[in-house]
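*Asks:* Start counting the first sequence at 15; every next residue gets the next number (this note's numbering).
Quick caveat, the hints were computed from the structure, so don't treat them as lab data.
We treat Cβ as the ideally placed atom computed from N, Cα and C, and that holds for glycine.
Warning: the hint list may mix true and false statements.
[What the hints assert, rightly or not] Derived Cβ-Cβ restraints for the label pairs, each shown as a range: (1) Lys-435 with Glu-235: 28 to 36 Å; (2) Met-15 with Ala-302: 47 to 55 Å; (3) Phe-355 with Gly-202: 15 to 23 Å; (4) Asp-130 with Ile-198: 56 to 64 Å.
[Said to hold, decoys possible] Below are the BS3-like pairs computed for lysine-lysine, each with C-alpha atoms no more than 25 Å apart in a straight line: (5) Lys-309 with Lys-330; (6) Lys-330 with Lys-249; (7) Lys-299 with Lys-309; (8) Lys-121 with Lys-606; (9) Lys-521 with Lys-17; (10) Lys-69 with Lys-29; (11) Lys-299 with Lys-330; (12) Lys-34 with Lys-69.
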Amino acid sequence: MIKDQILQTLQASLKSQSGKLNLEGANGNVPRLNIERPRQADHGDYAVNVSPLAKVARMAPPQIAAIVAEGFAQAGWTPNIIGGFLNFSVGEPQLIDALTRIAMQDKPGRNESMKDIRCLLEFVSANPTGPLHIGHGRWVALGDSLGRIFRHCDAQVTHEFYINDAGSQMFNIANSIWYRALEILGTGAKFPTPEEGKPFPFYPGDYVIEMAQEFIQTHREALFQWDNPAHVAPKEAIEAISDYAKESMLAQQRQLMETCRLTFDVWYSEKSLHAAGRVVDVIEKLKARGVTYEKDGALWFASTQFGDDQDRVLVKSDGSYTYLTADIAYHEDKYARNDGFYNLLINIWGADHHGYIPRMKAAMAALGHNPDQLEIVLGQLVNLLIEGERTRMGKRKKMLTLQELVDEVGVDALRFWMVSKSQDTTLDFNVDLAASASDENPVFYVQYAHARCASIVRNAFQPRFDTVDKKELPPLLTEAQWDSFLGSLTPDAMATLFASLENDPAKAALRELILKMDGFEDRVEEAARLRSPHIIARYTQDLAADFHRFYNVCRILVADPQTTMMRLVIIYALKRVFGQALDLLGVSAPDKM
RNA sequence: GCCUCAGUAGCUCAGUUGGAUAGAGCAACCGCCUUCUAAGCGGUGGGUCACAGGUUCGAAUCCUGUCUGGGGUACCA
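Using the sequences provided together with the hints, build the complete structure.
*Replies:* Below you can see the structure in the form of structure tokens.
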């Protein structure tokens, strides 16, 4: 990247000028300087602000700038100094060099910033007790994009879905199906009705009725046998129904994830932890480490010793385990998996689980693991905006499922929308807008840019029609010409590119395009480092704007084949960058729109 | 009460460790299609960066306090 060249020269300059700048006395407390893009385009392409050195150097920023600039002069750069800023204008040879690299490199934006990372990325993880809702859509988009970005930074990433198939919620769904089934079979049993102020351990959704109907088809006789005067489900009925419910919901969830272009490498069952005795084991381990105690008939984990604000129950007074206990066993397994293969464990959780973080970290610390290895990426929740009204997730009957939303707006719009904003902010999902006015969705703007590029490349090889002479003309280029041109693409061959541009707006737009494409790698790194895919979404919109601007001031397909080919390299490079960036977001890059 | 996320243009949001005149999309208004996709481009209007102090040569950004909104604060999962 061009930026790296400037950075290297900057470091060399600071080193050679360190005497004049009094940097030696600072004992390594020299503030780090950054290369940035100036706000004002006429200042230059890149800038370094040396003001942070003012304190150490005990000099005014303009004076420092002059001294640092001397070091640059030695390397052939002549920065334009304004105040404490060194402004750099990138020369055409460097731009052409950068463009060539982007056009030729295997995968644009690819880097090795996370090459030592082996990440277990867990997200979505839901109960198999009902359909996934819109809120899950955010974790789908966020988690999968993050994984793709990490991989682009050369990390090894495993996508994992934790199936919460144990515990009381499974009993509740089974019991709900039981009553629905008995209702349908006309046994006289009735599905319970909620009472004000009382817990309602049943699932009222219509999908439960459908599941009951389906279950009846295979278990009609069994249901009659299980039924009894009190209509209380026997244990074997609950087991059979909850197994069925799990398989059925899980199949549905897997199908939906596939639709969303998301592949989980591992589907990890909570129930399997219990079955393998892992939950009992972890309790024994905690006991052995002396971090548990008994109180009020329950077994407690002294998590306050590890920074939590209160102790937590592991085994309830009725002898059953809390959710936390199984979750501790699960997370311990992550540390141990493949002989401690993973060095970064990331969980994506909704903000409603925020308070859960300290206890999980406490548990890992208590078990002797490094809690910093476990990183929770917290996402704020999604609000539904229906008919202009804010609807809190899950508190209304009119809850939109993720499947319904995908059917309505499509995977591309869903995924782009869900990652186009920082996960730190509550997302208002405007259902009416997403469903109706699709051109207000920025994803189409970006996809259109890709399609336009594809179209230009396509047209270059197709016969044209002369509207004046009313006759067909041969294609501007042949595939063979283009292949050999790309194959021998060198900065020298490209040197006439800028010269071929007739006007200044086109040159300015081209500079901007190349610099922005050159910066893609930087954005990918940043998105990975900050765990913020929205940076990529932003980037695609920025680049699309620059491309559309360029498109309007510079014609690509012109009569001269050489000029056409050189300009086509830009479009070719852009198409690759758009395609790659959209892929990192899990959004399709259509060739036609 | 405590913990946490947020408050930036009419709306939805960017703004990387504090730096140059605070940006984008949408909405509004005015222009641009006989040649590569007008799902596009150019232009105009629109700001007390919630508020008040503080630190600093310099604050949307850091600190303190206040206000507003979301989430959490279980022997639920």
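*Asks:* Going through the earlier hints one by one, which of them does the structure break, listed in rising order?
*Replies:* 1 and 3
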